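4 protein chains.
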Amino acid sequence: MIVVMKHTATKENIDDAIARVESLGLKPNVIEGSERTVIAAVGDERIAGIESLESCPGVDEVMPIVAPYKLASSELKPEPSVITAGSLTVGGGHVGVIAGPCSVESEDQIVATAFAVKKSGASALRGGAFKPRTSPYSFQGMKEEGLKLLATARDQTDLAVVTEVVSPDDVELVSKYADVLQIGARNMQNYRLLEAAGKSPCAVLLKRGPSATIDEWLLAAEYILDAGNPNVMLCERGIRTFESHTRFTLPLASAPYVQERTHLPIVMDPSHGTGHASLVPAMSRASIAAGADGLIIEVHPNPDKALSDGYQSLNFDQFAETMAGCQKIAAAMDRTLGAL
Amino acid sequence: MIVVMKHTATKENIDDAIARVESLGLKPNVIEGSERTVIAAVGDERIAGIESLESCPGVDEVMPIVAPYKLASSELKPEPSVITAGSLTVGGGHVGVIAGPCSVESEDQIVATAFAVKKSGASALRGGAFKPRTSPYSFQGMKEEGLKLLATARDQTDLAVVTEVVSPDDVELVSKYADVLQIGARNMQNYRLLEAAGKSPCAVLLKRGPSATIDEWLLAAEYILDAGNPNVMLCERGIRTFESHTRFTLPLASAPYVQERTHLPIVMDPSHGTGHASLVPAMSRASIAAGADGLIIEVHPNPDKALSDGYQSLNFDQFAETMAGCQKIAAAMDRTLGAL
Amino acid sequence: MIVVMKHTATKENIDDAIARVESLGLKPNVIEGSERTVIAAVGDERIAGIESLESCPGVDEVMPIVAPYKLASSELKPEPSVITAGSLTVGGGHVGVIAGPCSVESEDQIVATAFAVKKSGASALRGGAFKPRTSPYSFQGMKEEGLKLLATARDQTDLAVVTEVVSPDDVELVSKYADVLQIGARNMQNYRLLEAAGKSPCAVLLKRGPSATIDEWLLAAEYILDAGNPNVMLCERGIRTFESHTRFTLPLASAPYVQERTHLPIVMDPSHGTGHASLVPAMSRASIAAGADGLIIEVHPNPDKALSDGYQSLNFDQFAETMAGCQKIAAAMDRTLGAL
Amino acid sequence: MIVVMKHTATKENIDDAIARVESLGLKPNVIEGSERTVIAAVGDERIAGIESLESCPGVDEVMPIVAPYKLASSELKPEPSVITAGSLTVGGGHVGVIAGPCSVESEDQIVATAFAVKKSGASALRGGAFKPRTSPYSFQGMKEEGLKLLATARDQTDLAVVTEVVSPDDVELVSKYADVLQIGARNMQNYRLLEAAGKSPCAVLLKRGPSATIDEWLLAAEYILDAGNPNVMLCERGIRTFESHTRFTLPLASAPYVQERTHLPIVMDPSHGTGHASLVPAMSRASIAAGADGLIIEVHPNPDKALSDGYQSLNFDQFAETMAGCQKIAAAMDRTLGAL
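Listed in order, the protein sequences are those of chains A, B, C and D. All residue numbers for the first sequence refer to the UniProt record's numbering, where the first residue is 1 and numbers rise by one. All residue numbers for the second sequence refer to the UniProt record's numbering, where the first residue is 1 and numbers rise by one. All residue numbers for the third sequence refer to the UniProt record's numbering, where the first residue is 1 and numbers rise by one. All residue numbers for the fourth sequence refer to the UniProt record's numbering, where the first residue is 1 and numbers rise by one.
Incorrect hints may appear among the rest.
No distinction is drawn between identical chains; accordingly, a pair holds when it is met within one copy or between any pair of copies.
Stated by the list, open to error - The calculated DSBU-like cross-link candidates involving lysine-lysine, where the alpha carbons are at most 30 Å apart (straight line), are:
1. Lys77 / Lys143
2. Lys199 / Lys143
3. Lys143 / Lys27
4. Lys119 / Lys305
5. Lys11 / Lys328
I should point out that these hints are in silico values taken from the structure, not numbers from a laboratory. Please read these numbers as outputs of a predicted model, since none were measured by experiment.
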């Protein structure tokens with residue numbers, strides 16, 4: 001940690017800051033610069049209260065040096081993790097593809113979608129049963145009934161099931177039906193939920209919050225890892241920016257950046273990341289070319305009649321065409337894709 | 001709702017879109033423009049699936065006309081709501097001031113702070129017992145023990161207690177000790193929690209998520225109102241922007257803007273909204289001058305030793321001085337402030 | 001244009017707004033909704049003063065329907081434009097690759113770079129002679145001397161020269177040496193410069209400003225087109241967001257989105273778009289997979305000794321490897337790349 | 001400057017980085033941390049090429065310690081600067097108020113506005129003659145004719161004239177008519193213009209670019225100061241964020257933050273900073289309460305007929321009322337306001 005003193009800091013201020021660094025169990029190295037004094041504090045920075053050093057008189061800024069996460073860090077485990085859950089494999093040169101509707105709406109809808117996405121090469125089925133919705137007046141999901149329909153679709157297609165869980169109380173129930181628990185963007189910092197997912201036997205797909213920094217996202221993963229569940233996939237679903245022509249901005253450079261920092265695999269979500277079906281094929285291909293380990297794509301038999309997210313859902317033909325384009329890119333990258 | 005067709009839309013596309021508008025129970029008005037056709041759809045827009053119209057062939061864009069929230073809207077209830085919870089009143093020409101530490105750390109700390117902030121004119125005490133922390137390695141709060149210490153401080157000072165609740169399972173417990181439940185920024189879209197808070201007898205302080213739009217924030221309030229709790233205060237605590245010299249950007253224009261849209265009172269949080277103690281006095285005064293109905297300010301006996309948020313906490317003297325400045329501004333605005 | 005009245009608007013307010021719409025030469029269509037009145041105004045919206053309608057009493061919002069640009073619009077010219085300037089072709093199934101140093105530093109540097117990037121398949125040479133620098137204390141470029149060195153490099157390699165122009169007064173001079181004038185991000189709304197570039201015989205590469213909306217960017221292109229120069233290439237170089245691990249955020253979905261709206265080709269800049277050399281190869285490949293028409297990449301013989309932008313520059317070997325990866329993706333996309 | 005090595009950096013990498021630090025004329029201090037090595041480099045960081053250190057093998061990050069600007073810094077000149085230009089004084093406990101239309105449209109309009117704003121207490125007149133407009137189809141200003149009308153208004157009211165200059169070639173002409181040259185947000189990094197303004201006898205009002213960091217803004221001021229003009233006022237006019245209910249987000253904390261870093265006074269622009277006339281009074285008052293040194297407000301005789309920016313312009317009565325509110329806040333702050 002680097003403690004930068006103000007140029008107006010007195011000798012007493014500097015001595016006090018040094019004492020505070022020592023009282024936190026760190027070793028201070030004092031460097032007198034041309035304009036300011038800087039204290040480089042050596043030791044474990046991940047301790048309670050450390051940022052309060054900034055309140056010491058004469059301190060201008062406190063800059064961390066070490067990543068705040070440990071278990072998620074590639075410094076701890078340099079080789080990339082490969083996560084497998086039923087028919088889904090993500091990482092290790094294989095691009096897993098999760099596809100399906102935003103919400104489970106009926107048996108016909110989910111089973112037909114499962115067969116269709118499998119045929120086009122998807123490796124897992126997504127579908128929401130517990131839906132966190134912005135408005136209390138929107139469709140809230142079929143709940144346990146939806147989970148049962150997902151299980152039916154899995155029985156018929158052998159596709160692994162990825163579905164969202166929104167409350168720690170539901171983790172046990174959802175884990176009975178799902179292969180992968182999805183933690184949604186709105187719940188990325190719902191720490192009780194992260195801890196509960198950390199105790200589930202299922203793998204976890206952890207979506208990035210739309211204003212979360214990468215450190216905050218990896219610290220959220222750290223909660224799950226720290227609770228004992230090593231099977232965490234990160235999912236980039238877009239950040240909120242001034243850009244309004246897309247619903248969110250998909251910062252594709254997250255994929256290679258995150259892969260430098262963590263061993264956890266990263267799945268891209270071009271559906272939420274753009275919010276427009278017409279942009280999904282291009283961003284799916286681009287995700288693979290950028291080196292992402294997986295894709296999650298919204299597919300619906302009739303997007304214009306979907307109860308949620310229709311504007312960003314592909315129909316079956318569009319998904320088939322998207323997958324064909326993705327196969328070519330995966331081959332160019334020497335990677336395998338989906339169920340193939 | 002306005003449905004804008006693409007300039008390439010065919011007659012068939014337009015007819016299909018009209019039929020979809022009708023099937024949703026809305027009345028279509030077709031306007032043939034110089035370059036495009038537009039369908040103005042009259043009726044209640046707040047229904048499931050409506051945004052999926054965007055997936056109809058030939059549709060370019062769907063623009064809502066009506067605010068998506070109802071109970072929170074000033075169209076429903078034009079007169080501003082005044083919320084009272086114990087010693088705290090927010091709204092109606094009175095600026096309520098909530099002050100105290102980020103976390104309850106000990107009886108000495110919380111009781112001393114309660115007396116100090118009361119002396120300077122605060123109307124309520126804040127203090128976190130259940131702490132949602134970005135890192136699993138940070139101090140996580142004293143939990144129920146912390147709630148008991150808050151109750152002790154209330155017994156001695158008569159200040160209302162404002163404290164955070166992070167899980168629906170805890171709402172009953174926290175409601176036993178608190179006057180106001182705080183829903184934190186990370187949980188603004190934790191809908192189970194909102195519903196549970198909507199059934200509590202306590203008032204609710206609903207913080208804005210750092211990337212939430214104002215519509216999303218008011219829809220979160222709508223969940224609480226819809227569950228039966230009319231005592232909701234909004235709390236603006238800053239949004240995430242590219243600006244990094246402050247931890248968040250406090251968009252003060254939220255106060256007058258929100259007051260045009262909703263009857264719910266709005267409390268500003270200059271501590272989280274700036275992230276630097278030195279900026280808190282100026283932004284506290286500015287909040288009152290902008291017409292905010294309340295303030296929430298972090299105060300700690302020794303900010304440089306706080307277990308959380310020390311860098312943005314005022315010490316007792318700084319808080320007293322801040323309140324003196326705020327009193328002058330409140331008087332210039334013909335408002336009363338805090339406990340006075 | 002859609003004029004949304006407030007729910008409190010009086011009959012008189014509505015009549016006044018209708019009269020104002022008519023006085024602007026537009027035809028009003030009045031729709032009485034369940035909660036509000038809406039006026040759909042038909043006619044050419046691209047006229048002075050139109051947004052001032054928002055100031056009429058009782059008006060809540062004014063929403064444009066038609067894109068504000070004309071000449072740049074794919075509504076006017078549906079087939080994509082292909083731009084050729086010397087050895088550089090961008091668009092029409094061909095991905096043009098512009099490569100070279102941020103700044104021209106010496107004859108050795110620029111000539112060696114020209115040969116190296118040509119060998120790896122680049123189709124044009126970039127290099128800055130007039131440098132707009134954030135700090136007055138940074139290297140400001142070699143000016144005309146730098147232009148001459150670029151011309152020398154072109155003489156020896158036949159690569160087209162792309163170089164920045166920062167002032168209308170310099171357009172004539174720079175046009176003598178360059179094949180393509182680059183308008184930098186900081187100057188995207190320097191309208192005098194756009195007008196001057198619009199009169200140059202050279203093609204223009206127009207970078208997006210880091211906080212420009214896509215409409216603002218296309219309107220900047222419109223200035224150049226309107227001044228008589230049809231050879232405009234758009235260049236996406238990243239936007240400013242809260243994300244700080246990359247210097248800017250490269251919103252790759254711009255490529256397919258812009259291609260739906262305009263006939264102008266789009267070039268991606270993964271160097272500025274990420275700000276880290278290690279992320280450039282992945283984002284170069286991803287740009288092609290997303291369907292971009294060109295790439296512009298910073299290459300320097302010794303990035304760690306560059307006078308500017310070294311942190312985001314590739315060395316010759318890194319560029320060769322990046323191009324090899326890009327070739328595979330271009331082939332998978334059925335496109336040709338660079339000089340090949 | 002702090003050079004953070006990767007945890008995988010070799011001894012050779014570290015030695016190379018040390019050598020590079022030395023070759024830049026800085027003195028390296030090597031600190032071996034528990035997980036990484038850090039090199040604190042002492043000396044003047046404001047030199048060409050320094051950031052290229054990031055490209056040295058094994059270097060993870062380069063963090064500056066010293067502010068990149070000198071002349072603008074309060075480290076160089078601790079006492080705040082007071083700027084006077086004709087009837088306008090900004091700083092030193094006095095809040096200067098600049099008011100007038102976005103564009104000069106006619107003699108009647110500008111003279112009537114000058115008298116009206118003077119009567120309400122404004123200290124200077126604003127009005128654009130050279131207008132940088134997003135669209136080439138919008139009104140572009142009256143040019144020199146507009147400057148003459150501003151001079152006429154000054155002759156009749158004695159109000160100082162603040163007007164925008166958009167090109168270095170116009171600086172001489174505009175300086176003949178103006179008291180203060182405004183550099184607009186779009187031109188904040190038009191360095192030729194900054195240098196030309198630095199040679200004008202007029203004071204300069206430098207608007208912040210909507211995505212400029214505070215360091216970039218102060219470095220733009222540094223260009224003007226470095227060219228010899230000490231009379232620079234900063235103007236915060238809002239930044240671009242995801243928040244779309246206001247046209248820009250006015251980050252009011254800029255005022256106190258900037259005042260800690262620079263001696264230059266800061267003027268707030270609530271008109272552009274909100275984009276809605278109804279929000280201007282609240283944000284004007286808030287600006288003063290936050291300690292701003294001045295205000296710039298758009299005022300027009302008939303906002304609903306303005307040729308530009310009508311939606312954010314106050315009419316004469318609204319301005320009078322706004323000033324009355326501001327006077328009360330200024331008095332509460334022990335400051336004088338406007339012409340009083």
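Query raised in the report: Quick one: Lys199 to Lys143, C-alpha cut-off 30 Å, is that within a copy, between copies, both, or neither?
Result: both (21 Å within a copy, 21 Å between copies)
Requested in this report: Go through the copies and call it for Lys77 and Lys143: within, between, both or neither, with a Cα cutoff of 30 Å.
Outcome: neither (38 Å within a copy, 34 Å between copies)
Report task. Could you figure out if Lys143 and Lys27 sit no more than 30 Å apart (CA to CA) within one copy, between two copies, both or neither? Result -> Neither. Shortest intra-copy (54 Å) and inter-copy (32 Å) distances fail the 30 Å Cα cut-off.
Requested in this report: At 30 Å max between alpha carbons, let me know whether Lys11 reaches Lys328 within a copy, between copies, both or neither.
Outcome: The answer is neither: 65 Å in one copy and 37 Å across copies each exceed 30 Å.
Requested in this report: Could you place Lys119 and Lys305 in one of the four classes (within, between, both, neither) given a Cα distance threshold of 30 Å?
Outcome: within (23 Å within a copy, 53 Å between copies)
Hints 1, 3 and 5, counting from the list given before, are not met by this structure.
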